[in-house]
Amino acid sequence: MTVHVPQKRIVAAKLQHHVIYVSDLQRSKDFYTRLFDLQFSALNHPDSSAAMRLAQMEMHFFSFGFYHHDICLVKHHKLRMDNGSMLHFSLVARDRLAFDAIRSRANQIGAPVRDGRLIASARTSPGQRAFCLRDPDNHWIEIIEEQGK
Amino acid sequence: MTTVAYVPPNVLPPFLQKFAPLLKRKWFRALVLAPPTLTRRRFSNKTEDYGVFRPSLIERIGQVSIYVQDIDRSRQWYEKLVGLTHSRTCEQEPHPSKDGWTIRCCYMSAAEHQECLVLVEERNPAGKVSVPTGMSFFHTAFELQGNGMKEVLAFAGQAKRDGYAANYGPVRHNGEPPLGDGETGGNVACYFYDPDYHNIEFCGAMDTIENYRARYGELKGSARS
Chain A
1 MTVHVPQKRI VAAKLQHHVI YVSDLQRSKD FYTRLFDLQF SALNHPDSSA AMRLAQMEMH
61 FFSFGFYHHD ICLVKHHKLR MDNGSMLHFS LVARDRLAFD AIRSRANQIG APVRDGRLIA
121 SARTSPGQRA FCLRDPDNHW IEIIEEQGK
Chain B
1 MTTVAYVPPN VLPPFLQKFA PLLKRKWFRA LVLAPPTLTR RRFSNKTEDY GVFRPSLIER
61 IGQVSIYVQD IDRSRQWYEK LVGLTHSRTC EQEPHPSKDG WTIRCCYMSA AEHQECLVLV
121 EERNPAGKVS VPTGMSFFHT AFELQGNGMK EVLAFAGQAK RDGYAANYGP VRHNGEPPLG
181 DGETGGNVAC YFYDPDYHNI EFCGAMDTIE NYRARYGELK GSARS
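Protein chains in written order, with our numbering: chain A, 1 to 149; chain B, 1 to 225.
Incorrect hints may have been included.
Calculated pairs, SDA-like style, for lysine to any residue (alpha carbon to alpha carbon, straight line, at most 20 Å) [as the list claims (entries may be wrong)]:
id, chain 1, residue 1, chain 2, residue 2
1, B, Lys160, B, Gln17
2, B, Lys18, A, Arg114
3, A, Lys14, B, Lys46
4, B, Lys128, B, Ser97
5, B, Lys46, A, Leu54
6, B, Lys98, A, Asp137
7, B, Lys80, B, Lys160
8, A, Lys78, B, His139
9, A, Lys8, B, Lys26
10, B, Lys98, A, Arg114
11, A, Lys78, B, Arg213
12, A, Lys8, B, Met135
13, A, Lys75, B, Glu91
14, B, Lys26, A, His45
15, A, Lys29, B, Met135
16, A, Lys29, B, Asp194
17, A, Lys29, A, Arg117
Keep in mind the hints are simulated off the structure, nothing from the lab. In this text the structure is predicted, and so the values were computed from the model without any measurement.
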């Protein structure tokens, strides 16, 4: 008799990276590197990447410090970006000091800041700090402090 | 719920999706890049890796919220394709940045990431649900459990058997045959359009600060190719 052993299904473990459209790569690059210390880890240019050439895009990759890329900024050379398909994305600060540093830098660059989680129904653990701000293309970014860090 | 059949302008047409696997062939990439090669722009606008060498102030992405036309339709897609689980769906609440508008949020969890994805129905003051434009993000990516090449390839097969067609992949974002497409990052990936044409990547085996150094040492840019 043959015993059928069902194969284990592959499932998603976690969010890994997020690629957002921007209208001015240099302006956004300055914003993200200055505010979060993100590292510019790679460039895919339409003059030297076949995929980018076909898609008519240029992509700049940024790392949080372990993976090759975590946030990517992409400029579409023919289409105009907007804020009509994403409400926000949130970034977890490395620790309490990092959260304070980001908040301080946001003040220094004059970025208007809103305290708390962006979505009222989002879960917040007791004492957890969060604030939100908008990037140069009006993408909402939420900064979260993870408890116990 | 009635949905509008809108295809965002950045969606890859089906006939181009058929050609996309050719990006794994070096001759095809050379053909596509022939004009900038002849004009030498290819060498002044290089696609290259710069490496990862120090921590930033951010540890990880916490959550992404995307607009959808129909929470139930989208929830089912993420549950069936890749095993996201439903955490909770909330009552309508005020939109955080548009006066008079409302949102309704469905929180989805991955195996190791609670409430990582929020499916959001946005309604204008008249109660009409917004149609996502597709032009805020190019894609968002989930790491598959196991985080290896074999898991991504197994997932691609699993999805195909379940009736889901990838719009690109499986490929590896580097120049190594047989999967390499000449891009950067090293991740093995396949991409699917969700019911609102959000491009969703499922990946594993991305380069890290550790294997980056092991592979390239002190070499930078074109010296690594």
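Hint check results:
1. B/Lys160 to B/Gln17: holds (15 Å)
2. B/Lys18 to A/Arg114: violated (45 Å)
3. A/Lys14 to B/Lys46: violated (32 Å)
4. B/Lys128 to B/Ser97: Distance of about 17 Å is within 20 Å: holds.
5. B/Lys46 to A/Leu54: holds (16 Å)
6. B/Lys98 to A/Asp137: Status holds; Cα separation ~16 Å.
7. B/Lys80 to B/Lys160: holds (12 Å)
8. A/Lys78 to B/His139: Since the Cα atoms of lysine 78 of chain A and histidine 139 of chain B sit roughly 17 Å apart, the hinted pair holds (cutoff 20 Å).
9. A/Lys8 to B/Lys26: Distance ~35 Å between lysine 8 of chain A and lysine 26 of chain B Cα, so the pair is violated.
10. B/Lys98 to A/Arg114: Holds. Lysine 98 of chain B to arginine 114 of chain A sits at ~14 Å (cutoff 20 Å).
11. A/Lys78 to B/Arg213: With Cα atoms ~36 Å apart, lysine 78 of chain A and arginine 213 of chain B exceed 20 Å; violated.
12. A/Lys8 to B/Met135: violated (35 Å)
13. A/Lys75 to B/Glu91: Violated, because 36 Å separates the two Cα atoms, which is more than 20 Å.
14. B/Lys26 to A/His45: Between lysine 26 of chain B and histidine 45 of chain A the Cα gap is close to 17 Å, so the pair holds against 20 Å.
15. A/Lys29 to B/Met135: holds (19 Å)
16. A/Lys29 to B/Asp194: Violated, because 29 Å separates the two Cα atoms, which is more than 20 Å.
17. A/Lys29 to A/Arg117: violated (24 Å)
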